[in-house]
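There are 2 protein chains.
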Amino acid sequence: LDKITGDVASAAEPRFLVKLALNAWEVQTKRADAAFGRVSDEQFFEPIAPGKNRVIYLFGHLIAVDDAIFPLFDLGERLYPPFAEIFVTQPDRQAADLPSLEELKRAWTDVHSKLTHRFHEMKVEQWLERHTAISAEDFLKDPSRNRLSVLLSRTSHVAYHLGQLALVKK
Amino acid sequence: LDKITGDVASAAEPRFLVKLALNAWEVQTKRADAAFGRVSDEQFFEPIAPGKNRVIYLFGHLIAVDDAIFPLFDLGERLYPPFAEIFVTQPDRQAADLPSLEELKRAWTDVHSKLTHRFHEMKVEQWLERHTAISAEDFLKDPSRNRLSVLLSRTSHVAYHLGQLALVKK
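Same order as they appear, the protein sequences are chains A and B.
Throughout the first sequence, residue numbering follows our numbering, covering 1 to 170 in sequence.
Throughout the second sequence, residue numbering follows our numbering, covering 1001 to 1170 in sequence.
Calculated directly from the structure, the hints in this document are not laboratory data.
Virtual Cβ for every residue (Gly too), placed ideally from N, Cα, C.
Don't take each hint at face value.
[What the hints assert, rightly or not] Residues from chain B that face chain A, not an exhaustive set, calculated with beta carbons under 7 Å:
| no. | residue |
| --- | --- |
| 1 | P1014 |
| 2 | L1017 |
| 3 | Q1028 |
| 4 | V1124 |
| 5 | A1159 |
| 6 | L1162 |
The whole structure should be built from the sequences, with the hints applied where relevant.
Structure, rendered in structure tokens:
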């Protein structure tokens, strides 16, 4: 976060408020990064609880959902299009072949570092533009359906699965 | 959320950005409210996964952590001071006596409805003031340690445990 010296006028700037939301996103993704980093290769193939999704599915799921932010923000195509089918559309244990752990770990870092980089380039006005899943007409009726809301929602989504990951012994 | 008619100038107002964060908080707390509402009385005493915290502990934990926002935002005392010891300081199954489910359900609604009410009264400047757990001196060095950051962090905290609650069969 930029150093801003307690000046209320500058603190109340929209840019600063966007930074707080970005900071919350980075806190959760860094926590997830650290938590997945502590998981052993064997544990990636264990369920988070008996009969539940495996850690590898959770990992791929977060990569795929966050990767979808690129098209949703009109920042380009997904980096890993096949992951959407394997880790979002299909439930765990359905896909005949999963990407390797190595590939997933590379993809995790790739998606999140590129997203964070793009996020930091975005101006306040861009955060307040509609995301591509809402029509211009509907957005006029509800301008809260913007990119910043998606960021807040994705932040909670990472936290949600992080809570599940915490159940796995490390 | 207030209806604001797609006007970029007003959308970029700090007040609107605070509303987006408040909206994210309400989405998560309403989801938690609905999810706990689907839990049977018996299930409240079951663990979220073998050997893990029971649902009732999660429930009390969220009440206690969110109740602590009142003093943290200088909005008054906690409504349920004893819950902090039972559901935060102590791990699950340590307390000799737990509050009844009825009492907890009343406290959940009480804490969250009063918090939401107070949140809606707060002005942007108040959201950007320091929380009471940081000194004025440290806040000068890092003005991001304000109430809005706490709100974003508590939103993720609710989502975190919501992910765990989702593992319980309903």
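- Query: Against chain A, with CB atoms and a cut of 7 Å, does the hint on L1017(B) hold up?
  - Reply: At 4 Å from the nearest chain A Cβ, L1017(B) passes the 7 Å test, so the hint holds.
- Message: Hint L1162(B) vs chain A: min CB-CB distance below 7 Å?
- Response: This interface hint holds because 6 Å falls under the 7 Å limit.
- Message: Hint validation: V1124(B) versus chain A, beta carbon distance must be below 7 Å. Holds or violated?
- Response: holds, 6 Å
- Message: Would the hint on P1014(B) be counted as holding, given a Cβ-Cβ threshold of 7 Å to chain A?
- Response: OK, holds: P1014(B) within 7 Å of chain A, min 5 Å.
- Message: The hint names Q1028(B) as touching chain A; please verify it with the least Cβ-Cβ distance against 7 Å.
- Response: holds, 6 Å
- Query: Should the hint that A1159(B) touches chain A count as held when the rule is a Cβ pair under 7 Å?
  - Reply: The hint holds - A1159(B) has a Cβ within 7 Å of chain A, the shortest such distance being about 4 Å.
Figure legend: structure checked against the earlier numbered hints; every hint is met.
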